[in-house]
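Student: Kindly produce the complete structure, drawing on both the sequences and the hints.
Below are the chains, spelled out letter by letter.
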Amino acid sequence: MFDAISPQLIFGQLLIGLINGSFYAMLSMGLAIIFGLMHVVNFAHGAQYMLGAFVTWVLLNYLGIPYWPSLVLAPVIVAVLGMVMERTILRPLQNLDHLYGLLATYAVALIVEGLIRQQYGSSGLPYSSPIPGGVNLGFMFLPYYRLWVVLFSIVTCIGSWLLIEHTKLGAYLRAANEKPDIVETFGINVPRMVTLTYGFGVGLAALSGVLAAPIYQVSPSMGSSIMIVIFAVVVIGGMGSIIGAVATGYMLGLVEALTKIVYPEAANVVIFLFMILALLVRPNGLFSGAEKTR
Amino acid sequence: MMTRILLLGVLAVLLIAAPFFAYPVTLMTILCFVIFACSFNLLLGYTGLLCFGHAMFFGSAAYVTGYLLKTTGLSLELALLGGAGATALLGLFVGLIALRRSGIQFAMITFAIAQFVYFLLLRAPFTGGEDGMQSIPRSALFGVFDISSSFTFYYVVLGITVLSVWFFYRIVHSPFGEVLKAIRDNDQRVESLGFKPERFKLVAFVLSAALAGLAGGLKATVFQFATLTDVSFPISSEVILMTLLGGLGTLSGPIVGAGIIILLNDYLADFGEWALIAQGVILLLVIMFFRRGVVGELDRVLRKIRARRAS
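Protein sequences appear in the order of chains A and B.
So in my numbering, spot 28 of the first sequence is number 28, and the numbers just go up one at a time.
So in my numbering, spot 170 of the second sequence is number 170, and the numbers just go up one at a time.
I should point out that these hints are in silico values taken from the structure, not numbers from a laboratory.
Note that the structure is predicted; figures quoted are calculated from it, not measured.
Mixed in with the good hints there might be a few duds.
Said to hold, decoys possible - Pulled from the structure, derived: some chain A residues nowhere near chain B, Cβ distances all over 12 Å:
(1) Leu14
(2) Val80
(3) Gln119
(4) Thr195
(5) Leu254
(6) Ile276
(7) Phe287
To be verified - Pairs of lysine-lysine, DSBU-like flavour, derived with a Cα cap of 35 Å:
(8) A/Lys179 with B/Lys196
(9) B/Lys304 with B/Lys181
(10) B/Lys181 with B/Lys196
(11) A/Lys168 with A/Lys179
(12) B/Lys181 with A/Lys179
Glycine included, C-beta positions come from ideal geometry on N, C-alpha and C.
Tutor: Okay, here's the thing in structure tokens:
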């Protein structure tokens, strides 16, 4: 029955896959950056993504601030909240088993999602696209906003990667991960750097939330549902590997889309099957080198 | 020793008298979750493994037990064993995959696999999808004893719970349990002593899955239905909370935790989202300030008093 599939359907699904992949990539990257430096699996990442979208919605509907300023404002607001959370909750736990960090961020996610749901209800709130319209490419219709999201996320991912792998600041970050006490003797304030890194990762999550607001509905559960996929992405890509997270994110978005074309029933589970397969074939992650991850 | 026997006696009288004063279904829910929390404690408290999707065992056993009771003429205890056996098998598969990574990644993998199981059960033909599995019969125990009244059934559930807790106690106090605790504290050391930690972890995981399955099957017979809620993440999260709140790695901790959380849920059932928010706040408080849990903290206070008296 493959001849029944129209090119419109194929390209349409691939675009959806690319969009989803963009969000997977950006969120997984933030998670990987935070994990790389702090060894904390930030379960609140989904809630922070959702907060990014909600802050954008609130800024528009209560203060009349449109999309473009929100693209900067919302991530900054959520990042500041994240940094406060790092200081008050994650800092006291940093010398304990890393499981406590995971559970504490989970508890925060539970509280945040519950409060938002209590305030705004479970159903999604609409947010209209800041760049309406689109272009007909002949084989498919491409909305401008979606093109913007894909391009913007690619730039953000490359930019963050360059920042961490190819600048002095990034070198300090990586060094602080390996040997914090030695980096401290160079006169670098490591705790402050940890706070800023967490803020950066949270800001990325919120930024994804702003981008998502016009595409998906702004709803309290948007974060927790995407978190499940993000966890799988990070496990497949190899924990703490930025390139691994980004590449796996885009790849899984497309894999999901292709599954939807070929066998729609399996679209919900294909990512998990992929994870299981990856674990069986490459137990240390697809993008981790010879070193053993833990 | 005398006080301990006395305490156990008082507890026994309370448990036997309980359905005369409280709603039996609530009591039975607590007992099911006591078993469930024990199974979780075996992993996190005694082996150091955080399973972030334990509901996959609880919920799938609820379906399997329910299915057996609905479609076959099996008596209650056989259906429960069938459910527990099925989840033991599921536990073996999941364990073989998830135990390829340790620590925090194990948690994330179990989380993702649990979601996978959720989707499978949503689509599976025998589960009833979104509607769930309704009107599961309470077949006679051993094929003879009638347990259709909740009052009588309470004592059956109580008996199974006592047996399960005893089973759990035997596991953690056996040489096998000692190895598990050693793995929790330092698995490389255990490996250097000639044990294979992976194998011990896998056995613990399978045992825990079976015990969680027993709890889920029992829950399905108490409520006489099984739904997707039983496999969903909030259940996984509740059992984490119960275990941490009661006291990680203590025998009675998860029992206390299960009681508190079920009663709290009951109390907050009419307040919408506040039940979940309260759970989040409690979890956060326990992690930040009372990592020993209720039982652990009480134990510490009692020890301090005793030490002061002795000096």
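Student: All the hints need checking, so say for each whether the structure fits it.
Tutor: Comparing the hints with the structure gives:
1. Leu14: At about 23 Å from chain B, leucine 14 of chain A clears the 12 Å cut-off, so the statement holds.
2. Val80: At about 20 Å from chain B, valine 80 of chain A clears the 12 Å cut-off, so the statement holds.
3. Gln119: The assertion about glutamine 119 of chain A is violated, with a minimum of 9 Å to chain B.
4. Thr195: holds (18 Å)
5. Leu254: At about 19 Å from chain B, leucine 254 of chain A clears the 12 Å cut-off, so the statement holds.
6. Ile276: violated (6 Å)
7. Phe287: Given a closest Cβ separation of 14 Å, the condition holds.
8. A/Lys179 with B/Lys196: Since the Cα atoms of lysine 179 of chain A and lysine 196 of chain B sit roughly 31 Å apart, the hinted pair holds (cutoff 35 Å).
9. B/Lys304 with B/Lys181: holds (25 Å)
10. B/Lys181 with B/Lys196: holds (14 Å)
11. A/Lys168 with A/Lys179: Roughly 16 Å between the alpha carbons, so the hint for lysine 168 of chain A and lysine 179 of chain A holds.
12. B/Lys181 with A/Lys179: holds (30 Å)
Consistency with the previously given hints fails for numbers 3 and 6, ordered from lowest to highest.
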